[in-house]
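Colleague: Here is how the chains run, residue by residue.
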Amino acid sequence: KAGVTQTPRYLIKTRGQQVTLSCSPISGHRSVSWYQQTPGQGLQFLFEYFSETQRNKGNFPGRFSGRQFSNSRSEMNVSTLELGDSALYLCASRTGPSASGANVLTFGAGSRLTVL
Amino acid sequence: GESVGLHLPTLSVQEGDNSIINCAYSNSASDYFIWYKQESGKGPQFIIDIRSNMDKRQGQRVTVLLNKTVKHLSLQIAATQPGDSAVYFCAETASGTALIFGKGTTLSVSS
Numbered sequence: 002k003a004g005v006t007q008t009p010r011y012l013i014k015t016r017g018q019q020v021t022l023s024c025s026p027i028s029g030h031r032s033v034s035w036y037q038q039t040p041g042q043g044l045q046f047l048f049e050y051f052s053e054t055q056r057n058k059g060n061f062p063g064r065f066s067g068r069q070f071s072n073s074r075s076e077m078n079v080s081t082l083e084l085g086d087s088a089l090y091l092c093a094s095r096t097g098p099s100a101s102g103a104n105v106l107t108f109g110a111g112s113r114l115t116v117l
Numbered sequence: 000g001e002s003v004g005l006h007l008p009t010l011s012v013q014e015g016d017n018s019i020i021n022c023a024y025s026n027s028a029s030d031y032f033i034w035y036k037q038e039s040g041k042g043p044q045f046i047i048d049i050r051s052n053m054d055k056r057q058g059q060r061v062t063v064l065l066n067k068t069v070k071h072l073s074l075q076i077a078a079t080q081p082g083d084s085a086v087y088f089c090a091e092t093a094s095g096t097a098l099i100f101g102k103g104t105t106l107s108v109s110s
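Chains as they are written, first to last, in the working numbering: chain A, 2 to 117; chain B, 0 to 110.
The following block holds chain A by itself, in its conformation from the complex:
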């Protein structure tokens, strides 16, 4: 069973640009969450989607947005990039939104974004 796949793995952008990151969840998983990981702030929750609807949203500015498609694949977008947006962006999936031992959040390897 394939894991969570994130593309691209690495990318470099300049300030003011925008970026779109893609996530393909594990087959059968309908819930997708996104996290930002930085050395200073650790893992911070961005948002969660289930059945194409945003269920939860973290404390990030409106420049950060996401969406989920009918096949459960998800994308996140960051507009007007700032230097502080440099981070590892992690996508994770699970079968549904309820946390349990049978429904553990499984992470991809992440997309490493560098903003110059």
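Just so you know, not all the hints are guaranteed correct.
Unchecked claim - Over the 10 Å line for every Cβ pair with chain B, so calculated as not near, a few chain A residues:
no. : residue
1   : I13
2   : G17
3   : T21
4   : I27
5   : S28
6   : R31
7   : E53
8   : P62
9   : F70
10  : S71
11  : R74
12  : E76
13  : S80
14  : L84
15  : S87
16  : L114
As the list claims (entries may be wrong) - Label pairs and their computed distance ranges (CB to CB):
no. : chain 1 : residue 1 : chain 2 : residue 2 : range
17  : B       : N66       : A       : Y11       : 39 to 45 Å
18  : B       : A77       : A       : A3        : 31 to 37 Å
19  : B       : Q80       : A       : G43       : 21 to 27 Å
20  : B       : R56       : A       : T21       : 36 to 42 Å
Since the hints were made in silico from the structure, they are not lab data.
From a predicted model like this one, the values you see are computed outputs, not experimental measurements.
Quick reminder that beta carbons are idealized off the backbone N, C-alpha and C, glycines included.
Given the coordinates of chain A, work out where chain B should sit on it, guided by the hints.
Modeller: Coordinates of chain B only, in the frame set by chain A:
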């Protein structure tokens, strides 16, 4: 074995020692807790979980202890091996809310 107080960012142990990594959680309504391990260049990987109606759960070489009175979670790794070297995160969630991660602890195992 070697243990840390409430969140130290690093822990260094010798191969074969027992390791204890501590975590303080913030939300008294949290009812589900998970430990993740993250190796360099990889995403976090599930280790073990525990529900709030339990105070101890054991896996293969790992044990999680939950003390709801003081909102404290610990991960014990028996006979630590070099392959256990990684960053360890605790995470908490209350029903229907997002999984929130604590600050990680970097475990270094020397042989």
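Colleague: Could you run down the list of hints and mark each one as holding or not?
Modeller: Here is how each hint holds up against the structure:
Against the 10 Å criterion, A:I13 stays outside the reach of chain B, whose nearest CB is about 17 Å from its own CB. Listed as outside the interface, A:G17 is consistent with that label: its C-beta sits roughly 29 Å from the nearest C-beta of chain B, beyond the 10 Å cut-off. Listed as a non-interface residue, A:T21 keeps its Cβ farther than 10 Å from every Cβ of chain B; the least gap is roughly 19 Å. Chain B leaves A:I27 outside its interface by the beta-carbon criterion, the shortest separation being 12 Å against a cut-off of 10 Å.
Residue placement check: A:S28 keeps its beta carbon more than 10 Å from all beta carbons of chain B (closest about 18 Å). For A:R31, the shortest C-beta to C-beta distance to chain B comes to about 15 Å, beyond the 10 Å cut-off, and the non-interface label holds. The Cβ of A:E53 lies farther than 10 Å from every Cβ of chain B, with a closest approach of about 18 Å, so its non-interface assignment holds. Every beta carbon of chain B lies more than 10 Å from that of A:P62, the smallest distance being close to 17 Å; the non-interface claim holds.
Distance check for A:F70 against chain B: the nearest CB is about 21 Å away, which clears 10 Å, and the non-interface claim stands. With a least CB separation of 23 Å from chain B, A:S71 remains clear of the 10 Å interface cut-off, as annotated. Here A:R74 stays apart from chain B, with its beta-carbon at least about 17 Å from theirs, past the 10 Å limit. For A:E76, the shortest C-beta to C-beta distance to chain B comes to about 17 Å, beyond the 10 Å cut-off, and the non-interface label holds.
With 10 Å as the threshold on Cβ separation, the claim that A:S80 sits away from chain B holds: the shortest Cβ distance comes to roughly 22 Å. Remark: the non-interface label on A:L84 is consistent with the geometry, its nearest Cβ contact in chain B lying 22 Å away (cut-off 10 Å). The Cβ of A:S87 lies farther than 10 Å from every Cβ of chain B, with a closest approach of about 17 Å, so its non-interface assignment holds. The Cβ of A:L114 lies farther than 10 Å from every Cβ of chain B, with a closest approach of about 15 Å, so its non-interface assignment holds.
Against the hinted window of 39 to 45 Å, the Cβ-Cβ separation of B:N66 and A:Y11 comes to about 41 Å, which satisfies the hint. As the Cβ distance of B:A77 to A:A3 is approximately 32 Å, the hint placing it in 31 to 37 Å holds. Taking the beta carbon of each, B:Q80 and A:G43 are about 25 Å apart, inside 21 to 27 Å as hinted. Separated by about 40 Å at the C-beta atoms, B:R56 and A:T21 satisfy the suggested range of 36 to 42 Å.
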